[in-house]
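Note that the protein sequences, when read in sequence, are chains A and B. Sequential numbering from 3 applies to the first sequence in this note's numbering. Sequential numbering from 13 applies to the second sequence in this note's numbering.
These are computed hints drawn from the structure, not numbers from a lab. Each residue gets a CB set at the ideal place from its N, CA and C atoms; glycine is no exception. Be aware that a few hints might be false.
[Stated by the list, open to error] With a Cα cut of at most 20 Å, we get these calculated DMTMM-like pairs of lysine to aspartate or glutamate:
#, chain 1, residue 1, chain 2, residue 2
1, B, 371, B, 424
2, B, 620, A, 158
3, A, 299, B, 501
4, A, 299, B, 424
5, B, 709, A, 78
[What the hints assert, rightly or not] Ranges between beta-carbon positions, derived for each pair:
#, chain 1, residue 1, chain 2, residue 2, range
6, B, 524, A, 272, 32 to 40 Å
7, A, 318, B, 716, 29 to 37 Å
8, A, 278, B, 247, 32 to 40 Å
9, A, 181, B, 246, 24 to 32 Å
10, B, 225, A, 278, 34 to 42 Å
11, A, 49, B, 395, 27 to 35 Å
12, A, 336, B, 818, 37 to 45 Å
13, A, 278, B, 664, 18 to 26 Å
14, A, 24, B, 675, 23 to 31 Å
15, B, 737, A, 272, 50 to 58 Å
16, B, 737, A, 75, 12 to 20 Å
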Amino acid sequence: MTNIEDLRQTLFARVSATNEPREILKAAELKQLYTVLPTLNPGERGAYGKAVNELKVALETAIVARENELEDATIEPLDVTAPWDVNSALPALLPTEQGTQHPLTRELENVIDIFTRMGFEAIESRQIDDDEHMFGALNFPANHPARDGYDTFRTEEGFIPPAHTSTMQNRILKAGKAKLEAGGHIAAVSYGRVFRNEDVDATHEHTFYQCEGVYVSETATLGEMLGTLQSFFETYYGQKLKIKTQPGYFPFVEPGLEFAIEKPAALGGKPGDWLEMLGCGMIHPNVLRSADINPEKYRGFAWGGGIERLVMLKYGIEDLRHFESGKLAFLRKFV
Amino acid sequence: MIISVNWLKKFTDIDVSIDELATLIGARLVEIETVIDLGKKYQDVLVAQVVECVELEGSDHLNVTKLDDGGVWQNVERDDNGYVQVVCGAPNVRAGILVAWLPPQSIVPETADDTEPFVLGARQLRGAMSNGMIASARELALFDEHDGILELDTDAAPGTKFADVYELNDYLLDIENKSLTHRPDCFGIIGFAREVAAIQGKPFHTPEWLAQLTPDFGEKQGDIMTPTVTIDDPELSARYQAVVLSGADGAKKTPLYIQTYLARVGVRPINAVVDVTNYLMMLTGQPLHAFDYDKLVKVGGGTADIHVRSGRVGEKLTLLDGRTIELTPEDIVIAAGETAIGLAGAMGGADTEIDESTKNIIIESATFSLYSLRATQMRHGIFSEAITRFTKGQPAELTAPVVADAVRLIAEWAGTTRVSDVADSYPGKRDLPVIELTATQVNATLGTTYSVEQMRETLRNVEFDATASDDTLTVQAPYWRSDIHIAEDVIEEIGRINSYDAITLKLPHRDFTAVRPSDFDELRTAMRKALVRAGASEVLTYSFIHGDVLRKVGQDPADSYRITNSISPDLQYYRQSLTPSLLGLVNANVKNGYDQFALFEMNKVHSKTAELVEDVPAEMHRLGLVLVNKKDQTSAPYYQAKRILDYIAQLLGMELHYKPLGDSNLALSKPFESRRSARVIDVSSGQPLGVIGEYKKSVARGFKLPNYAAGFELLPEAIAIALNHKAPAYTPLSRYPSSERDICFQVAHDVTYQQIIDVTHNVLDTIDISSTVEPVDVYEPADGTTKNITVRLKFTAAERTLTGDEVTDFVARVASEVTAKIDAKIV
Chain A
3 MTNIEDLRQT LFARVSATNE PREILKAAEL KQLYTVLPTL NPGERGAYGK
53 AVNELKVALE TAIVARENEL EDATIEPLDV TAPWDVNSAL PALLPTEQGT
103 QHPLTRELEN VIDIFTRMGF EAIESRQIDD DEHMFGALNF PANHPARDGY
153 DTFRTEEGFI PPAHTSTMQN RILKAGKAKL EAGGHIAAVS YGRVFRNEDV
203 DATHEHTFYQ CEGVYVSETA TLGEMLGTLQ SFFETYYGQK LKIKTQPGYF
253 PFVEPGLEFA IEKPAALGGK PGDWLEMLGC GMIHPNVLRS ADINPEKYRG
303 FAWGGGIERL VMLKYGIEDL RHFESGKLAF LRKFV
Chain B
13 MIISVNWLKK FTDIDVSIDE LATLIGARLV EIETVIDLGK KYQDVLVAQV
63 VECVELEGSD HLNVTKLDDG GVWQNVERDD NGYVQVVCGA PNVRAGILVA
113 WLPPQSIVPE TADDTEPFVL GARQLRGAMS NGMIASAREL ALFDEHDGIL
163 ELDTDAAPGT KFADVYELND YLLDIENKSL THRPDCFGII GFAREVAAIQ
213 GKPFHTPEWL AQLTPDFGEK QGDIMTPTVT IDDPELSARY QAVVLSGADG
263 AKKTPLYIQT YLARVGVRPI NAVVDVTNYL MMLTGQPLHA FDYDKLVKVG
313 GGTADIHVRS GRVGEKLTLL DGRTIELTPE DIVIAAGETA IGLAGAMGGA
363 DTEIDESTKN IIIESATFSL YSLRATQMRH GIFSEAITRF TKGQPAELTA
413 PVVADAVRLI AEWAGTTRVS DVADSYPGKR DLPVIELTAT QVNATLGTTY
463 SVEQMRETLR NVEFDATASD DTLTVQAPYW RSDIHIAEDV IEEIGRINSY
513 DAITLKLPHR DFTAVRPSDF DELRTAMRKA LVRAGASEVL TYSFIHGDVL
563 RKVGQDPADS YRITNSISPD LQYYRQSLTP SLLGLVNANV KNGYDQFALF
613 EMNKVHSKTA ELVEDVPAEM HRLGLVLVNK KDQTSAPYYQ AKRILDYIAQ
663 LLGMELHYKP LGDSNLALSK PFESRRSARV IDVSSGQPLG VIGEYKKSVA
713 RGFKLPNYAA GFELLPEAIA IALNHKAPAY TPLSRYPSSE RDICFQVAHD
763 VTYQQIIDVT HNVLDTIDIS STVEPVDVYE PADGTTKNIT VRLKFTAAER
813 TLTGDEVTDF VARVASEVTA KIDAKIV
């Protein structure tokens, strides 16, 4: 064993001294170690073999480090403060017509813009959160079956990549409480990335975008919620639209509804074609209570829906997977 | 879940068309996935009597039959008696029985949903003409039955339509279970029918037998000891009832009519005992289980001593499906004495299974903790109709009327008698809350104008106990509505049953206050537009990456939050910076023929090295860009990245300084080559904004980057701070001409441009005349020991024209200061 330790030091010294470190792997002393193996008694062989292997692994790491060092030594430093390279001129920008904004961020800006004009503040949703915001504060008791529907990921620490933008609802309510109690109201949308443990195909993604809205006042009604949503979609599509609802179950609203619009003419819709757009409802008293808002005095409504669907319908995009593909062939269609 | 409309009709009138019904249910109860027209399959199937049956000569199993179809079917060859000849190979075919006949030109129901349904004809079979066929249950698409043709238990006349006899002119509603998670009552036909009545505005009356919570179990005959039932922990089971029935005949079947109802909702008929348990489950939502009494007593050591308890560590149980599972303390177990005999609510054990020889049975009617069962379902992979219902939380009151009806029906169809009392352990009895609310409150929440009477009637239609006095409604939900706790739940019922679509739409009345997008959102939009103008393409990439990608750029996976249930190793770690994701896109795009491009992303990154903020990980905004050119260029790519960044800064109104990156341990800087990269700093605030540069050789190799590649990664939050700092920079235009002079410094190779500019600015700051410095040329001769840096000085006085001497003096002051401070020569 001492033998191996001595050799380690010798070989490492050679690695840091040579300009061709990989040659060290061919050293005769290294090969010699293997010829010793059969001469040992069986009880010693295991430990010896392990020590030889460890030496080889450590040596490989040292060689890669030395190779990088040698390679880096050949790197010519730049004057990073200069306006351009020596004997050169100011580089051109890329052609403007190559520049493209992602269709999803473009549509998200559009949606936020309409809600902003309707008097809703916009807040970006978190990409990592805790169980309390994702579920607890939204009236999902521990082990509640409704949690299953969200297919959440978890980190080792128990954090959750949120599966809905409602993960911001408790924060929005808490932040708006003072304004509400001073006689105002809470009106906000939260938007951003959400994550679900789903297999990916043309219509399913583990990563997608949602926009969620929250409105609380002393007099909010379900009728106002439906009016607000209809108004948003009519502005978004620039035409009058019929709406339709059906009962839906979400623990954080009561009553809970699914909301559909008649497919707009611009999208080739005919009367009787419906597009399911989002889930919505009156905020459950327990959710208001979680934010220390008195449900006896205040009522609110909330809704949430996906952004990808709006974009896909608008441009006729056939495959959800294009969005996060980073393919220029896709991106350059959105000049 | 499949709901049969004909089955619903047994409990409520339906006086709208199937389309209207589907629309009504969709708007007021639950979304219907599809409506299946069942009757279409059976339109040509006729009841026929076998009047003659003789063996076909030269065949070992075929019979030639003559069928009487009452002369109904046209276009078929008949004998002198008007009978139709059909050859049949089933062992049970014989003269006298009634059968389902599929005439020539009809479609075999089993194939009706195929792309090419099988159309029957008239054909020769071993020399005998056969017209159509006599059908088995399987060919009728009812259930798998290999014993032969289906024998009909009807007294209908030959020629009657098969569908009319067995009520198969039916529509089936396919409903996703998930949509009714909160409504255990709707997992039974009766509960569903109650809703269908109410949404048509009709009152509903639960059948008398089901409304009896302390039912009459009929006469007890014999004196088998009543089983003892012990629920070890009321958390596991709110109620457990058990009763012993004797004289079961395993060969007995339920009437075919019951079998067809089970079959159409997806349950295979087995024998009378099993069919009754399934039938009542489909009807009421309450699952039942039948144990072999004698086997249970044997396993239990001589007595029927039933326990409901937690599973024990190391305990094993062989299930009905033959699997042996290892129980856990989270499972609920039914035990006989000390021995586990069933996984409660999920599946019975093999040791107490009923079979052909079973004479005495125990019927179990119970409820179990839905939370435990949910976990059991996942752990052991059991997805039966029963556990689907148990995991919705069936009410404990329901077990009694259902077990009473089971006793009655099994007696009727399997010939049993009740030989024990009904054991009943009921530790989970709960009182139903009385809810008070006002009509004003209901209308204020929904935005409706319903009268208090209308509200009361709506609730009474679904059998709520509701009374109205002035504005106040006093409501108690029926026992099967354990989801009704608070006023809001009642408001939902009223709104839903009367349809949300009937509500008048309004916009909230409120003060008109303008809302501005946040400064940060506006900044991000501005940066995005600027980068697009600079020719870059925006991308979105996943927030999770492979550990190898982190390692490739020298970031430590231990610093990343790791997903424990990731879909694949590619999506296992939260990313620490955007650059690795962007670099990962380069090669594929180059291979697809894109020679020159820039990709950028604005998104968030996370690292365990950052402190938690309010108990959750800090979220860091980033702007990353990578630019590449497949063709080698003479100039270093760094300068093109810098050009783009300076352009954006200019559009945002910032001036940037670049300082050599040097050694940096930030995750952000890891991909960048320190000698060809810089830290980016805002001049006016001194705020560090990020890193720009070329990539390490190992990184370029790892991501197969072209030689010409560079990029930057910035901190948008720092940019926002820098911009807050910025003062308006406008100075009025001068009416006088400017004077320009170029000055060329020869310096050593390692002197930077910035050093010269800094000294120049120091001098210009002492002169009370507006001035600017711009680069003109950076020349390095071939030997590379020195370089010539030429800059252009421009002077503009606000109030007068400068003289040539003045300008010469300014330039001389700059020249002398630069040559003094830096080892420079003027050339």
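(request) Would you pick out the hints that fail for this structure and give their numbers low to high? (result) Hints 4, 9, 11, 12, 13 and 16 contradicted; others consistent.
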